[in-house]
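With these hints in hand, go ahead and build the complete structure from the sequences.
As a plain string of letters, each chain reads:
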Amino acid sequence: MIEMLFHDWLKDDSKIILFDGGMGSEIFKRGIKPGNLPDALNIDKSDVIYEIHKAYYDAGADMCQTNTFGASYLNLQIYKLENKINEINKRALEIIKKACPPNHLIVADIGPSGEFRPPVGKASQDQWLSSFIQQVNFLENGVDLWHIETMSDIEEMVAAIEAIRGISTKPIISSMTYKKTKRGFFTIMGDSLEKCVQIQEIANVDVIGANCTLGSKEMVELIQELKNLTNKPLSAKPNAGQPRIDSNNRVHYDQPIKDFVSDIGKIIQLGTKVVGGCCGTSPDTIRDIRKVIDSL
Amino acid sequence: MAQEHFFKEISDAIVNLDKEKAINLAHKAVFENMNLLEVIEKGFGDGIRRIGDLWEEGEFFLPELMLGGTIMQESMEILLPKLKSSGENITLGTVVIATIEGDIHSIGKTIVGTMLSANGFEVYDLGADVPAEHIINIAMEKNADVIGVSALLTTTMFGQKKIIDILEKKGLRSKFKVVIGGAPVNKSWAEECKADGFAGSAIEAVKLVKTLLNK
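Protein chains in written order, with my numbering: chain A, 1 to 296; chain B, 1 to 215.
None of these hints come from the bench; they were simulated from the model. Values in this document were obtained by computation on a predicted structure and should not be read as measured data.
Within a straight-line C-alpha distance of at most 30 Å, the following computed DSS-like cross-link-like pairs (lysine-lysine) qualify:
hint, chain 1, residue 1, chain 2, residue 2
1, A, K122, B, K19
2, B, K187, A, K258
3, B, K8, A, K182
4, A, K195, B, K19
5, B, K142, B, K82
6, A, K80, B, K162
Here is the structure:
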């Protein structure tokens with residue numbers, strides 16, 4: 001059963017699971033106009049999304065995630081696309097299924113709702129929960145596991161985990177996004193790494209991770225701390241440095257792939273089970289990480 | 001001495017995010033006919049600066065920043081009418097702030113607006129997804145000193161440059177200081193689009209705007 005495959009991988013000490021890289025940065029490389037929600041492309045430009053998934057699987061990724069980062073009810077509402085929640089999520093599944101080779105996995109991507117809790121915003125735990133439940137319902141039949149990512153509020157993470165657990169028994173990777181402060185790694189809402197790990201352990205997620213915000217160098221530091229806080233399998237998807245815009249209005253990420261990949265090597269040495277990239281990483285990055293993993 | 005103690009009490013109320021106490025002390029200052037400029041500078045202003053320091057030290061995060069900023073704003077609403085009626089002008093300058101067209105992310109921009117306002121600037125927050133031309137029109141109408149433009153997406157950052165291009169084309173560039181911010185924005189982008197500066201957080205934004213206006 002394919003659903004068991006991820007658990008088998010987790011149990012296999014010699015297996016490092018290669019995730020995919022950035023989606024947004026790849027979309028814009030392909031000339032998509034700014035200002036739109038990338039998730040809406042599942043309807044309008046499904047060929048582009050297919051091409052990106054396929055490039056990641058071809059580059060050696062064991063699993064890729066659906067183009068549904070922003071397709072929760074609350075986030076779609078901000079873009080006035082909430083009436084398309086069904087179509088956007090369903091189309092995302094169809095596209096990735098076409099691209100996914102045998103014995104590879106499909107991960108459902110769940111991103112933040114875009115709404116903060118008071119005093120920063122107005123969202124309540126119940127609103128988060130019902131927003132995620134709606135999205136999870138559309139994705140459950142078709143994915144192998146879940147990746148909740150880029151969460152800067154552990155309470156919102158808990159709502160997303162709860163939404164999935166009410167509907168699905170599939171594995172969950174739960175990735176918070178941290179910034180480095182003088183006192184260590186915290187989310188912008190003030191949740192410490194330690195607190196986040198504790199709560200993720202209580203929620204009994206399958207893999208505890210971090211993604212986005214931090215570049216690969218800082219992610220090495222974070223993983224060092226993370227492995228001292230938990231015995232759960234770890235996941236890391238750092239950014240490829242900071243974006244730069246050239247005179248032709250094109251976005252570049254200047255960190256050389258070899259530097260990023262060398263940091264991923266360190267992250268693996270520290271015992272991380274799942275590795276991949278976030279903003280600014282590409283199929284080329286994943287291809288080079290594949291080489292590192294295969295040489296282990 | 002008693003006065004110093006009073007200022008300290010206000011500053012502590014702000015840092016402790018004690019809204020009730022801050023509001024009560026603002027009323028007390030008005031009722032007792034105190035020198036309100038001094039009350040703002042040494043009491044409330046001191047508190048909001050300490051919140052900024054705590055943010056930089058990694059002690060405070062978004063919830064504290066936002067709460068501190070709104071307590072400060074509410075306190076100022078008690079003090080400002082009295083000050084204005086006595087002919088005092090304590091505004092450090094006028095800032096028109098918005099998230100650029102095509103970008104619906106408003107939280108970072110709102111926090112910057114709140115902190116600027118808490119630090120004594122008159123702030124006009126135009127919201128998110130605002131066309132460049134509209135931002136410039138309002139800046140002209142309000143006779144703003146500073147235009148602040150936020151972009152959270154690498155794809156909408158161009159809009160920040162568009163503002164500056166339009167200002168240059170219309171011969172209005174020297175009328176405003178233009179500052180930019182947002183997750184993907186950095187120093188090299190600020191230089192590339194000839195902005196007057198960029199800030200990586202609301203606290204940096206306050207410092208930047210104060211420096212640009214020599215306050």
